[in-house]
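Asks: Sequence:
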Amino acid sequence: MNTHSLLTHLQSRLPDLLAVYLFGSQATGHANSEGDLDLAVLVQGTLDPVAL
6 MNTHSLLTHL
16 QSRLPDLLAV
26 YLFGSQATGH
36 ANSEGDLDLA
46 VLVQGTLDPV
56 AL
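Numbered according to our numbering, the sequence shown spans residues 6 to 57.
Hints were generated in silico from the structure; no laboratory data involved.
Don't take every hint at face value.
Distance windows between CB atoms, simulated [stated by the list, open to error]:
id	residue 1	residue 2	range
1	7	46	10 to 20 Å
2	34	56	28 to 38 Å
3	34	55	26 to 36 Å
4	17	51	29 to 39 Å
Ideal Cβ placement from N, Cα and C applies to all residues, glycine included.
Starting from the given sequences, assemble the full structure and let the hints guide the process.
Replies: Quick look at the structure:
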């Protein structure tokens, strides 16, 4: 999934989305094929973690 598709998907699932932060090996350029994508999301109000 490319960046635009990912952001579009997050916006559709999280209407109160304010920001998305990328961290970890992908952000620092040290990712490998076994790595994952570390994201933090900032939403207005509260969010049920199970809904993610």
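Asks: If a hint holds in the structure, say so; if it doesn't, say that too.
Replies: Hints, one by one, checked against the model:
| no. | hint | in the structure |
| --- | --- | --- |
| 1 | 7 - 46: 10 to 20 Å | 18 Å, holds |
| 2 | 34 - 56: 28 to 38 Å | 31 Å, holds |
| 3 | 34 - 55: 26 to 36 Å | 32 Å, holds |
| 4 | 17 - 51: 29 to 39 Å | 19 Å, violated |
This entry does not satisfy hint 4, going by the numbered hints stated previously; all others are met.
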